[in-house]
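> Input sequences plus hints: build the corresponding full structure.
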Amino acid sequence: MNPGKKQAEMIREISGVNPLKCMKCGKCSATCPSYNEMDIKPHQFVSYVVNEDIESLINSKSLWKCLSCFACVERCPRDVKPGKLIDAARQMVVRKKGQDYLKADEIPELLDPELPQQLLVSAFRRYRR
Amino acid sequence: MQRIGVFVCHCGSNIAATVDVSKVAEMALMEPGVAHAEDYQYMCSEAGQAKIAAAIQEKGLTGIVVCSCSPRMHEATFRKAAERAGLNPYMVEIANIREHCSWIHKDMEEATKKAVILMRAAVAKVNLNTPLQAGESRVTKRALVIGGGIAGIQTALDIADAGYEVDIVEKTPSIGGRMSQLDKTFPTLDCSACILTPKMVEASAHEKITIYTYSEVEKVSGFVGDFTVDIRRKARSVDMNKCTGCGVCQEKCPSKKAPSEFNRGLNTRSAIYTPFAQAIPNVPVIDREACIKFRTGKCGVCSKVCQAGAIDYEQKDEIITEKYGAIVVATGFDTIKLDRYDEYAYSQSKDVITSLELERVMNAAGPTHGHLERLSDGKAPKEIVFIQCVGSRCADDRGKPYCSKICCMYTAKHAMLIRDKYPDVNVTVFYIDVRTPGKNFDEFYRRAVEQYGVNYIKGQVGKVIPKPDGKLLVQGSDLLDNRQILKEADMVVLATAIEPNPDVRKIATMLTASIDTNNFLTEAHAKLRPVESPTAGIFLSGVCQGPKDIPETVAQAGAAAVKAIGLLAKDKLMTNPCTAHSDELLCNGCSSCENVCPYGAITYEDKEVNDHGIRETRRIAVVNNALCQGCGACTVACPSGAMDLQGFSNRQIIAEVDAICR
Amino acid sequence: MPLEKKEFKPKIVAFCCNWCSYAGADLAGSSRLTYPADVKIIRVPCSCRVNPMFILRAFEKGADGVIMCGCHPGDCHYSTGNYYARRRMTLLFSMLDYIGVESGRTRVEWVSAAEGVKFSETMNSFVEKIYSLGENVRLGDLRCKN
Amino acid sequence: MQELINRAKELLADGTVARVLGWKAGDLPYNPEPAYFETAEALEDFVYNGFCGANLSKYMIEASKMEGKTMVCLKPCDTYSFMQLIKEHRVDREKAYIAGVGCKGKLDIEKIRARGIRGIESIEGAELTDDAETLKIQTIYGEKSLAYADGMLERCHVCKGKEHVIFDEQIGESKETKDAERFGEVERIESLSPEEKFSYFQSELGKCIRCNACRNVCPACSCRKCVFDSNKFDSSQKANVDSFEEKMFHIIRAFHVAGRCTDCGECSRVCPQGIPLHLFNRKFIKDIDELYGEYQAGADIDSKAPLTDYTFEDAEPSIVGKRG
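Chains as they are written, first to last, in the numbering used here: chain A, 1 to 129; chain B, 1 to 662; chain C, 1 to 146; chain D, 1 to 324.
If you're looking for bench data, these hints aren't it; they were derived computationally from the structure. Worth double-checking, as some hints may not be accurate.
Said to hold, decoys possible - List time: in silico DSBU-like cross-link candidates among lysine-lysine, alpha-carbon distance up to 35 Å:
#1 Lys5/A to Lys400/B
#2 Lys95/D to Lys607/B
#3 Lys24/A to Lys607/B
#4 Lys61/A to Lys458/B
Claimed, not checked - Where chain B lies over chain D, by a calculated footprint (3+ residues, C-beta under 8 Å):
#5 15-22
#6 88-94
#7 114-124
Everything numeric in this text was worked out from a predicted model, so none of it was measured. Backbone N, C-alpha and C define an ideal beta-carbon position, used for all residues, glycine too.
Right, here's the structure in full:
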């Protein structure tokens, strides 16, 4: 299996998304607050996964520009959820760096009381599998 | 012992490519009762049927099994062929080795094995078949059309023109339906009312057509050719015979705050009202929930001003019972509710409207008297954005999975009309695909772009944000330019998905007509019987069957009418002989069967029987074969097995089970 | 010669009502949606025609699974047939479960004429379940006296 | 008992009834059998005691065809069966004069024997009028005693109540005997693993000799011809052709009476092999109660039987296996 194919499969598995459901309407890009900062636009995530070009996705700026606000997930009429795809790609990078996600039990002691709740939730969203 | 012939069809390569048909025929000869077996290219062809006829006559066959496509496809064909050759048509059984075998299995050995088993089950069944005689039932030469929109009107007119009586039942106070709410129609830009009103008048004036407006179907019983329908005529509170339609009551009515259904709630109407000026009948209705007289007991202005003395506060709902031979469903559609599409700000801004609301805004009789203006402040818009596919083509549960079909064209129409009348207004259309299959449709859309300068952008809108200054910020994407667009608009029009009228579920249940997951009525065959319901005697007209535009609706309405006429033209119908019957020696008279019969086809009689020499009078179940539809509920409710179903007898089904599990 | 291990090929009987599920199976066929050939369909006019005796008979004769498909509740061609069928099958299945027959061997699924996909998916998942349960020995040997 | 005999004599004498349907003494102290009595003299053999468990309602199907009325002695639980038979048009109410007889629980000779009490010569304390809580049993091995409740049929421990749901007159007092949960045993079985359930029923049903006693005694099994005797289902064989037969027979029998079975318990009482057949019927009753609302067959004349009724919201069959 070529590495692209394997990676693409992994993304599909992590995200639980079937990119073939996309009808290319662009509502994700329309709705994205980080659109202008991104080199690969949200609606393009899908075709990168379909075309099994995960390397480009992983090396893109977009990977780190996505806020995980999940507006695209919320509004996607075809249940494709580009946000989940990019999240999965990010997961892959994070895992590659050997930084596996935390166990729930380890969290309380790491918490700073000053830490805004929202940040925590956002981080969970971003780094949960 | 039966002499059975087995005929295995190749169906070209449809079956033969995956099933070893000659092997199936060969194996058939080893089955008990089988006296003849052969395979042939196309059993349903004339030559194939001739082979069956020849074998029946030459080999003296008493029953046949055809291994072919689904019985839903060709059972009737083969029964007729058998009948022509002198065999009782109910001595024919079909083994479905195409849809249930060759088309779904790839491995030839496996598929052949299965085909053999299906053949065996059919042979086992036919061994127990008995010749059945179809009975006759009469046809009431009157049709019922449910729904008085363009589909219903056209169907009624066509049936009536053929000389049959037709009743239209319409829920609202006037016929006309959705089409009466439209301003112009695509692709020729005819004025909708100008082409619809003459049809409405024609229907109301037709001597064969009776129109029941403000009425609903309450109960349906019976079956094809002989339906009995209860129609509830809701209390109009106005005497239809006395009212002259002068309209004074509506003018003087002090309660004017009820939202106008006709104008989609964009303005209000009086409590006593006709929905629109050209309403047929031109007799108002009192909306009892809005009427001061009904709410408080005081008022009565309409009664005082009515010179004809037509106001009748005491009027009650009335139930009419009528018999029909055929029923046409033409219940039409509505737009979906947008409460789950917050991102388009429909509920937040008055200037975000649906396309159907825009029709009313553009119409001279609408809330703005035909002036294109913002509903929030009455200002003329300069920038209008249309958003396509709102709720259509949705995989989630907020919208509908299907394409609503009409939106691309009406949006082009709206855009064109606006640009034509108000050249200084910019019109932008956000689309996913522009779908224009239809005569002169693509030309129409191209005109909007090329001639009228409508700005089409490929990309969906993500969000509409109402700004404090009253403008709307539209955030969309342009997929071709690969950029995100932020556009200020004065007005946003949503091409809202259409869905079948919610009432259709109730009606379908009453008619026992099947309905799909989107609440569209199912046709008997998607390609070959598109205007008939699988339930005999029920026909489909218009959007209740699937999204369609006016020309298609009118065409289908005519087709449904022809099917209904074809039924009404018959004096008698052959009834299904596969009905229940009770063995009087086994019947306990316990009433279990009677309790589950949906047709009231089972009654009890005190009958004298001779049970092996014992003569006694027993209470015994008797099935009325004209009423029995052959569902078989009684056969299972019967504890003693006295009740059995012809064509699907206990022993036949058990023989099939045994053959499959052998 | 080593004993050849016989591959388990389950016998599965599917009762389908003529108006919805049989048509749904036809649609699955014309849409070429595959499911294992272990499933054999028996056409009945309505799910309410399915006598519990048929189901027990199938098991008696060695069926490994029996599934009944009918119109969705509310959509019965005969208005009410599937409502009766639903009660009958619920009670029958509960009884089979009570005597220790795995409840996975029996199933009722409502499949409309438009649901070819659902029909094929249902059959695939049911067959998979039967494979996982293996051969139906229990219903056969209740009377094996110790 | 004497009151009952006196009343029977009166009714025979004044011509109200042509015969009396009750029990007559058997050859042993504990096996009275159902009998018709047509004269005052014949009534000398009439007995009514703790061993008169037999439900006489089914006999009324035949008695309904006879000339004149029949005085039938029905215990409270028997009246449910009779009511159900009226509902199914199997008996003629006009042909019956129902003596609702009192009941203080019926005895099970097998339970007494199971206590090691053998060689029984006579039993005291089994009469309806006896207040004693204890049975005094004379055996060839001497006198033994046993608490009445310990010798009672299982069904009496879960008694539906001592009210007659239909009667022309009531004779004799009753005493409440319910001291156990009706569905206790069913629940116990439900909680077993599939393997345990299976082996339980395998061992119980393995005892079946297909004598058809359960079928013959059952008031709900009153078909003119049983499906297992007719050729309607290709299922007619009395001898067990294969191992599946018994199981199929008992499930189908239970299914055929589901919603009609009043839980009279006669099937288990008469089974010569001691198979607790009522556990099948009671499972259906429990499911019906839980899924479709409480229903007691034979409690009234107009309610719709659960299997000939439905609601739009009924549970789906997939609920089986999901329930705890």
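> Which of the listed hints are not met by the structure?
Checked against the structure, the hints that fail are numbers 3, 5, 7, while the rest are satisfied.
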